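Below, each chain spelled out in residue letters.
Number of protein chains: 2
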Amino acid sequence: MPHLDLLADPVDLCAALVDVPSVSGEEGELASALEAALRAQAPHLRVQRSGHAVLARTELGRDKRVLLAGHIDTVPIAGNVPSRRDGGLLHGCGSSDMKAGDAVFAHLAAALDDPRHDLTFVFYDCEEVEAVRNGLGRIEREHRDWLAADLAILGEPTNGAVEAGCQGTLRVDVAVRGRRAHSARSWLGDNAVHKAEAVLRRLATYAAREVEIDGCRYREGLQAVRIAGGVAGNVVPDECVVTVNFRFAPDRDAAAAEKHVREVFDGFEVTLTDLSPGALPGLGEPAAQEFLAATGAEPTAKLGWTDVARFAALGIPALNYGPGDPNLAHTRDEHVDPRLITEAVDVLRRFLA
Amino acid sequence: MPHLDLLADPVDLCAALVDVPSVSGEEGELASALEAALRAQAPHLRVQRSGHAVLARTELGRDKRVLLAGHIDTVPIAGNVPSRRDGGLLHGCGSSDMKAGDAVFAHLAAALDDPRHDLTFVFYDCEEVEAVRNGLGRIEREHRDWLAADLAILGEPTNGAVEAGCQGTLRVDVAVRGRRAHSARSWLGDNAVHKAEAVLRRLATYAAREVEIDGCRYREGLQAVRIAGGVAGNVVPDECVVTVNFRFAPDRDAAAAEKHVREVFDGFEVTLTDLSPGALPGLGEPAAQEFLAATGAEPTAKLGWTDVARFAALGIPALNYGPGDPNLAHTRDEHVDPRLITEAVDVLRRFLA
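Chains as they are written, first to last, in this note's numbering: chain A, 43 to 395; chain B, 43 to 395.
Think of the hints as simulated: they come from the structure by calculation, not from any bench. Keep in mind that the hints are not guaranteed to be accurate.
The list cannot tell twin chains apart, which means a pair is met if one copy fits it or any two copies do.
Said to hold, decoys possible - Calculated pairs, SDA-like style, for lysine to any residue (alpha carbon to alpha carbon, straight line, at most 25 Å):
no.	residue 1	residue 2
1	LYS237	GLU311
2	LYS106	ARG183
3	LYS237	PHE307
4	LYS237	ARG259
Everything numeric in this text was worked out from a predicted model, so none of it was measured.
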C-alpha cells in the first residue's frame, strides 16, 4: 500500500494522490492509503471507513462544524498517470478534478489538531459516474450523522474562486405524434417531424432568465440536447421526440421547474426523465461569511450541478472551493498550478486554525 | 423440380407458382421450373436463362414488340406458403405481389403462339431488395437486346387498373451546424437542433405540386423521413440532420428535381444521397393506346417508384397492370381475387391475340 505523508508539502501530496490510480469504482487502494495515513498521522481525528470512502472528524465540542468533502475518483486514465512536473505545473489524471482539493483537505486534516470549528473530512468515491453510485449517497444512507455540519465546502475545481449553491437540472422528452404513411402517398400521413417545428420554435424563441441571489448571478438555459424521429427512408414518421435539458436557478424548486417546462411545452406530450434540484447559495450563514472573509473573494454562482445540492437538500449551506481548473477537468492534458494548492491551504488555515 | 402446367387455368398456375418458395435471391428452383415449362410447352418461343431470371420471346418479324415483365421473387415467407383457397380467394406469399401477374404472363406465353405483336416475356429476380441486386439491371447489362420493345407492361399489383409512368424519388440530408457547449453554460454554444426549426418550417409550409400528364394526375410530396441530432444529455448539439424524401412528378427530370430541392433548402448544407428518376406515362405511343382500348380503363398515375422507370430510361413507354392488390403486398394475409386473374388474361388476350 502506498505511503502518504500528509504533513509534507501539499503539492507533493497531490502528486502522490495522482500516482495512485482511482478510476470510479476502483478507489479501494487510495482509500486504504488515506485511511492508514489519517489513523497514523492525525490521531486527533476519529476515522470511519465506508466502502471506498474515508471519513474523519474532530469531536472537540465546538459550536460550529465545517465539513470539507472531496471525491477521490477520477475519469478513466488517458496515458496521464503517474504525475509529472512540467513548466512549473503538476500534470496528471485527477490533478485538477479533484486530487488538488483532496491534498489540501488531507493536509489540513493532519495539520489542524486544534481548529476553531469542529471539522469533518469526507473523501468519497464514484462522483464521476451515475448519481446512483455516488459515495455521498451511500454515506447519507449508512452514516447520516457524519454529514451533520453548519457549512460544507466541496473541493471541486474553481480556480480558487468561491462558487456558491448550484443550478438545478431536469430533462424532459417532448413527444410529437403524427400518422405513418408511405412517403409516395404522404398526404395520407401526418408528419410528426414537420410538426416538431412548433417545439423547436418555442426553444429557439425562449427567453432564459437571469437571477441574482445572495450576490450570485444565476443564468438559466432551456436546450434541446437530442432530437430523433424516423421509421424508414420511405415512411412519413409518426413520432418525433425532442429531449430538452432545463438548467434552472436555485430560486425554483424541483416542482416549480417542472411546472415551468410543462407550461413552455403546453399542448405537447411531456415526460419527465431526470430531475436534480439546485442549491441556494446560503451565504447568509455566519460560517459561510467567515469563510468568504478568509478568502477575500466575491462569490459567484455555480452553474453546473454539483454535490453541493446534496448538502442543500440536507439543509446544510454548501459551496465549491478548490485549487483545480474546471476547464481542464476530464482532459488528457489535465494539470494544476501548485501555487493555487498552496493558496488554498493558506486560505483554509486562516479560516479554520 | 416442380412441374408447371402453363396452359391450365391461370388461377391454378398462380397457386402452383406460390407453392414454389422464391424469396429474393432464392428464385433458382422457380426459374428452372418456368424455364423447363416454357421450353416444353411454348416451342414458338426462344428461351434464354439469366441467373435466376428467364427470358422468352417470339421472333415473328411483327412491326411492334410488347414486353411483359414480372418479378418472381417475394418478400420473406410469413407462414403463408403453400397457397390455400378460402372464401373464393387465393392466399399465399406473393399471390398478389406478383405471382398472379406472372401466372397471367406465363399462361399467355404458352397460349399465344401467333400474337398480333412480337412478344417478350421477362420473369426476373430480386425486385424486392436493394436496387443494385435487381435482376432487370443485370439483364440490361448482359442481355440489353432482350429488353428492346415498343411498350413494356409490368404485372405489378394494380387491382386490374392501368397505372402509367411513375414518380421519381430522391433523398437529401439537410445538415444544420452549430457550436457545442456544456448545457449548463448554453450561451457559449449555438444549438443546431433549435436552428433546424427553419428547415422544418420550410417542410411544414411547402406547397406540393399536382401535375396532370397524359390524363394522369401526379401528386408530389416533400417529407422529412428522419431527423437526428444530439451528443449527450448535457451537451448543446453542434449538428442536426434532417433526411428529406422528395417524390416528384415525371415532368421533372433528375437534375430538375435535385435543383428544386436545393432551392427549397437554400442556405443549408444539402447532400444528395439517393436519386431514382421517374417515368413519363408515355400513353401517346400507339401500342399503349391499343392496350388502353383493350382494357377500357382510364389510366391513373403511379405514385410509387417501380421498375417502369428502368424502361423509361431506355426510351420504352411502360406501365403497370396486374391482377394483384397493392394494399396486400408484403402482408401476412396476402391474397388475390381469382376473378382479376381471369380478367387480366382476357384483357391481354384481346390486346395481343
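Hint by hint, here is what the structure shows:
| no. | hint | in the structure |
| --- | --- | --- |
| 1 | LYS237 - GLU311 | both (13 Å within a copy, 22 Å between copies) |
| 2 | LYS106 - ARG183 | within (23 Å within a copy, 89 Å between copies) |
| 3 | LYS237 - PHE307 | both (13 Å within a copy, 18 Å between copies) |
| 4 | LYS237 - ARG259 | neither (36 Å within a copy, 27 Å between copies) |
The structure does not agree with numbered hint 4 stated previously, though it agrees with all others.
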